[in-house]
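K.L.:
Kindly generate the complete structure, drawing on both the sequences and the hints.
Below are the chains, spelled out letter by letter.
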Amino acid sequence: MVGPVFTWIAEHPKVFWTAAQQHLVLSAAALGLALALALPLAVVLLRWRRAAATAIALVNVLRTIPSLALLVVMLPILGTGFQPALVALTLYGLPAILINAYTALSEVDADIVEAATGQGLSRAQIVRRIQVPLALPVIFAGIRTAAVQIVSAATLAAFIGGGGLGELITAGMGTLDIPQLVVGGLAVAALAILTELAFGLAERRLNRTRHA
Amino acid sequence: MNWTLANYDRLFTALAEHVGLVATALAISLAIALPLGVVSARRPWAYAGVMAVTGVLYTIPALALFALLIPFMGLGTAPAVTALVLYSLLILVRNVATGLREIPHEILEAADGMGYGAWRRLVRIELPLALPVIVAGIRITVVTQISVATVAAYISAGGLGDIIFQGITQDFGEKVVAGAVVTAALAVVADESLRVLERRLRAAQSERA
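If you read the sequences in order, they're chains R and H. No gaps in the numbering here: position 167 of the first sequence is 167 in the UniProt record's numbering, and each next residue is one more. No gaps in the numbering here: position 170 of the second sequence is 170 in the UniProt record's numbering, and each next residue is one more.
For the record, the hints were derived by calculation from the structure and aren't laboratory data. Using N, Cα and C, we set each Cβ at its ideal position, and we do this for glycine too. Be aware that one or more of the hints could be misleading.
Claimed, not checked - Chain H side only, calculated, beta carbon under 10 Å to chain R, not exhaustive: (1) Ile-60; (2) Ala-62; (3) Ala-64; (4) Phe-66; (5) Ala-67; (6) Val-148; (7) Ile-155; (8) Phe-165; (9) Val-177; (10) Val-182; (11) Leu-186; (12) Ala-187; (13) Asp-191.
P.N.:
Structure below.
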């Protein structure tokens, strides 16, 4: 199986790298948007406890929705292409980041927060200098989960014309081109595992510098 | 809503297929994960090995795993169920092992003192005490399997994904949305029911304690 895989890539370098690039751009954009939405939202919810319970419950429902359902449900409204895929993947990555960030920030020891207030720090200063640094490992764990989920679900973007490595699989299925199918499968699997390893490594680095 | 109302029986058949797929996969998953969890609960090296292998499997995206299974297994229910089982092992084995490890030593010693053999202690004392943690694992597994089973329609395994893919091919929005909404509802209901079951089991246990 290894020979035909490399032959296929060697014969179709442009198709392969375009798909890989689309996959990375789509995933990175979705992760960036999910972060830009979830992190400020977590800080806002910290001060607004009653809304927080509702928001977390809603996000828990969102987390349960199967990735394919989330990707296609907006098809009639948003149509096909990069944008609807981006919207769906952003929503898909949001729960892991928001729940981890909110939980970690709200679990920072009340005594520490009180001591900081006593020293005359403002609420914004407390969030920035005390709560965020203390909650960082758990926040980062959520980001890692979201990154792997997004890279994984981005494969399904091929079904709504969003491009990416999933297109190698759907094209391979369409023409019964087994080498292309296997190339797509291996590339997607490798990218997901690499994402997990890279974020895991970054997480360990982060935790080590904090303890040093 | 016209298509949905006129074709509710097709949605229902697809739903039944979907539940059947997940139920079959869950039964096989448990048959594999329970012994693996029991064996690895008190052997750290076995636990580490099983977690490494099943962790890699869990990370592989569903469509990619199907693409890699097709050359060996072709299309249909067999590769779909295989993929669903492979995805379930990480969480199930981890939770079985964790549930067993969390049982206090005094309880195990008391059971030994009362003359329980290893097998009877496992079945009568350890597994019942680990049940809430095992059910928590089953909950995550079922939600994952419902999601993966949707994609399995792409390799002709049937289920609710079939309605979604038909809608995409026919460029028929309502069909796509109907399939997606029923799939999402199934996942949410399964998650919530198993959450309630888990909570009841925990409550019953702390009452007895």
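K.L.:
Now look at each hint and say whether the structure bears it out.
P.N.:
Quick rundown of the hints versus the structure:
1. Of the supplied interface hints, the one on H/Ile-60 holds, with its beta-carbon coming within about 4 Å of a beta-carbon of chain R, less than 10 Å.
2. Given hint, H/Ala-62 at the interface with chain R, holds; its Cβ is 8 Å from that chain's nearest Cβ, closer than 10 Å.
3. Interface restraint check for H/Ala-64: the shortest CB-CB distance to chain R comes to about 4 Å, inside 10 Å, so the restraint holds.
4. Annotation: interface hint on H/Phe-66 holds; nearest CB of chain R at approximately 8 Å, less than 10 Å.
5. Of the supplied interface hints, the one on H/Ala-67 holds, with its beta-carbon coming within about 3 Å of a beta-carbon of chain R, less than 10 Å.
6. Interface hint status for H/Val-148: upheld, as the beta-carbon distance to the closest one in chain R is roughly 8 Å, under 10 Å.
7. Annotation: H/Ile-155 was flagged as interfacial toward chain R, and the flag holds, the nearest CB pair being 8 Å apart, inside 10 Å.
8. Because the closest C-beta pair between H/Phe-165 and chain R is about 8 Å apart, less than 10 Å, the hint holds.
9. Evaluation of the H/Val-177 hint against chain R yields a held restraint, the C-beta minimum of about 6 Å falling below 10 Å.
10. With a least beta-carbon distance of about 9 Å to chain R, the hint placing H/Val-182 at the interface is held under the 10 Å criterion.
11. Evaluation of the H/Leu-186 hint against chain R yields a held restraint, the C-beta minimum of about 9 Å falling below 10 Å.
12. Evaluation of the H/Ala-187 hint against chain R yields a held restraint, the C-beta minimum of about 5 Å falling below 10 Å.
13. Below 10 Å, beta-carbon pairs count as interface contacts, and H/Asp-191 has one with chain R at about 5 Å; its hint therefore holds.
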